[in-house]
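Asker: The lines below spell out each chain.
Protein chains: 2
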Amino acid sequence: MTYCVGILVRDGLVMIADTRTNAGLDNIATFRKLNVFEKPGDRVLTLATAGNLAISQSVVSLVTEGIENPETGETDTIWNQPSMFRSAQLVGRAIREVYRLDGPMLEKKNLTFDVSMLLGGQIKGGRLRLFMVYAAGNFIEATADTPYLQIGEHKYGKPILDRAVKYDYDLHDALKLGLISMDSTMRSNLGVGMPIDFAVVRRDGLGAEASHRIEAGEPYFHDLRERWSAALRKAHQDIPRPPYGPRES
Amino acid sequence: MTYCVGILVRDGLVMIADTRTNAGLDNIATFRKLNVFEKPGDRVLTLATAGNLAISQSVVSLVTEGIENPETGETDTIWNQPSMFRSAQLVGRAIREVYRLDGPMLEKKNLTFDVSMLLGGQIKGGRLRLFMVYAAGNFIEATADTPYLQIGEHKYGKPILDRAVKYDYDLHDALKLGLISMDSTMRSNLGVGMPIDFAVVRRDGLGAEASHRIEAGEPYFHDLRERWSAALRKAHQDIPRPPYGPRES
Chain A
0 MTYCVGILVR
10 DGLVMIADTR
20 TNAGLDNIAT
30 FRKLNVFEKP
40 GDRVLTLATA
50 GNLAISQSVV
60 SLVTEGIENP
70 ETGETDTIWN
80 QPSMFRSAQL
90 VGRAIREVYR
100 LDGPMLEKKN
110 LTFDVSMLLG
120 GQIKGGRLRL
130 FMVYAAGNFI
140 EATADTPYLQ
150 IGEHKYGKPI
160 LDRAVKYDYD
170 LHDALKLGLI
180 SMDSTMRSNL
190 GVGMPIDFAV
200 VRRDGLGAEA
210 SHRIEAGEPY
220 FHDLRERWSA
230 ALRKAHQDIP
240 RPPYGPRES
Chain B
0 MTYCVGILVR
10 DGLVMIADTR
20 TNAGLDNIAT
30 FRKLNVFEKP
40 GDRVLTLATA
50 GNLAISQSVV
60 SLVTEGIENP
70 ETGETDTIWN
80 QPSMFRSAQL
90 VGRAIREVYR
100 LDGPMLEKKN
110 LTFDVSMLLG
120 GQIKGGRLRL
130 FMVYAAGNFI
140 EATADTPYLQ
150 IGEHKYGKPI
160 LDRAVKYDYD
170 LHDALKLGLI
180 SMDSTMRSNL
190 GVGMPIDFAV
200 VRRDGLGAEA
210 SHRIEAGEPY
220 FHDLRERWSA
230 ALRKAHQDIP
240 RPPYGPRES
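These protein sequences, in sequence, are chains A and B.
Residues in the first sequence are numbered consecutively from 0, following numbering that gives the first Met the number 0.
Residues in the second sequence are numbered consecutively from 0, following numbering that gives the first Met the number 0.
Next comes chain A alone, as it looks inside the complex:
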């Protein structure tokens, strides 16, 4: 499994991804799932991936090496797209290309073509945007109404986002919420694990304001986990006991 979340607030974008992959419970490994493509002053794109690792790595290789555009004859790469929308289309085309190459054999083996991606970032002259690209190569975009998107094992970490994430939230507070969401997921699902990669992109910064790997035992994250646990404990202890006595119904 995997858990990745992207949060788009007024001030910028946060992308967070775990690094655990597993082929069965007895075969787990660490792979980077958060990719940052940065040409300071020109563009910064972050691409987080979930699903079949062979598919997602091929997609990342394709968008990096480039895909020939049959209409223009040019080679399209993540580095030369004129807009975020075009970049999301490129990721979608790369997914379809991998499907064309590997899909039939996967289907013969009864394996689903399972992949999804979050693409967020900004290109000079355009807006900061966040997309979720599906296995069919189509995509949706986060908006001020729903400023976060998740891929992978999304359910455990969704309640805190549903309650707390707002578009006008501070950028680094959004990172904090994303880390809490990741913590909740890791506690309940063994398929999501440390270390955690994240990137913070400030709107119009055209570069990554922070890009970091949180290793197990890192003091801030350890403290966040402890504080969150303690606060949850206190929160439910502070709620009065239910008043439902014997035989009410």
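In case anyone wonders, no lab produced these hints; they're calculated from the structure.
Just so you know, not all the hints are guaranteed correct.
What the hints assert, rightly or not - When the alpha-carbon atoms are kept at most 27 Å apart in a straight line, the in silico DSSO-like pairs for lysine-lysine are as follows:
hint: 1; chain 1: A; residue 1: Lys165; chain 2: B; residue 2: Lys233
hint: 2; chain 1: A; residue 1: Lys165; chain 2: A; residue 2: Lys123
hint: 3; chain 1: B; residue 1: Lys108; chain 2: A; residue 2: Lys107
hint: 4; chain 1: A; residue 1: Lys233; chain 2: B; residue 2: Lys107
hint: 5; chain 1: B; residue 1: Lys107; chain 2: B; residue 2: Lys38
Claimed, not checked - Quick partial rundown of chain A residues pointing at chain B, CB under 10 Å, derived from the structure:
hint: 6; residue: Tyr98
hint: 7; residue: Arg99
hint: 8; residue: Glu152
hint: 9; residue: Lys154
hint: 10; residue: Ile159
hint: 11; residue: Ser183
hint: 12; residue: Arg186
hint: 13; residue: Gly190
hint: 14; residue: Ala229
hint: 15; residue: Arg232
hint: 16; residue: His235
hint: 17; residue: Gln236
Stated by the list, open to error - Not the full set, but computed from the structure, chain B residues with beta-carbon under 8 Å of chain A:
hint: 18; residue: Asn137
hint: 19; residue: Phe138
hint: 20; residue: Ala163
hint: 21; residue: Lys165
hint: 22; residue: Asp167
hint: 23; residue: Asp172
hint: 24; residue: Leu178
hint: 25; residue: Tyr219
hint: 26; residue: Ala230
hint: 27; residue: Ala234
hint: 28; residue: Asp237
hint: 29; residue: Pro242
Here the structure is a predicted model, which is why all the values come from computation and not from measurement.
We put the CB at the ideal spot given by N, CA and C, even for glycine.
We have chain A already, so just place chain B on it with the hints.
Answerer: The following block gives chain B in isolation, referenced to the frame of chain A:
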């Protein structure tokens, strides 16, 4: 969808179930999924159901009306089993009987035989026990190590249980935690909805200490939701901002 949770603590048992059923998003209805079988002083059993409503209703009818026992020639019902273990076996047999009757046609229609149940309670002379019965009719039991079991849409409401539920927790605090878990699930999944049924069974009480339906807008539950939201907000606000500045990696 459905969400049901059973929590077994030293002092007793809590069973909670929502009441929403849906056949597609445009066809939702309210059905009771928590059944209480009570003969005060002799036995109290609670049965919560998830999955295909036709299957689960048939199972409840079968265990109430009885199934003939081919070995003894007697009619076994939920009212005459000598132990909780035997009662769980009876629920399993009822599930298999419904599978025998309806399974082949469901398979022809490409519908999965989808059902799961929580059975908790106590019979005079025996222990208070909590079981989860699967669609195959087999079952597992909650223990002091893992004192809660869930069926249906379990992921959203699991983090709070994973963190907070302990076997030595007060019985009515366990109910409170279960209601918080239900609230988290209802906020994130439209397929789980009010009203909420619950039952509280005190160990060796041989009767339901409380059995109640919480309707939308009921003051205690409304207050619990508000307090929990406010506490979560405060909890994440109180955690310091991440210290990850520009370009650390």
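Asker: Checked against the structure, which of the hints given earlier come out wrong?
Answerer: Going through the list in order, the structure violates hints 4, 5, 6, 7, 13, 18, 19, 21 and 22 and respects the others.
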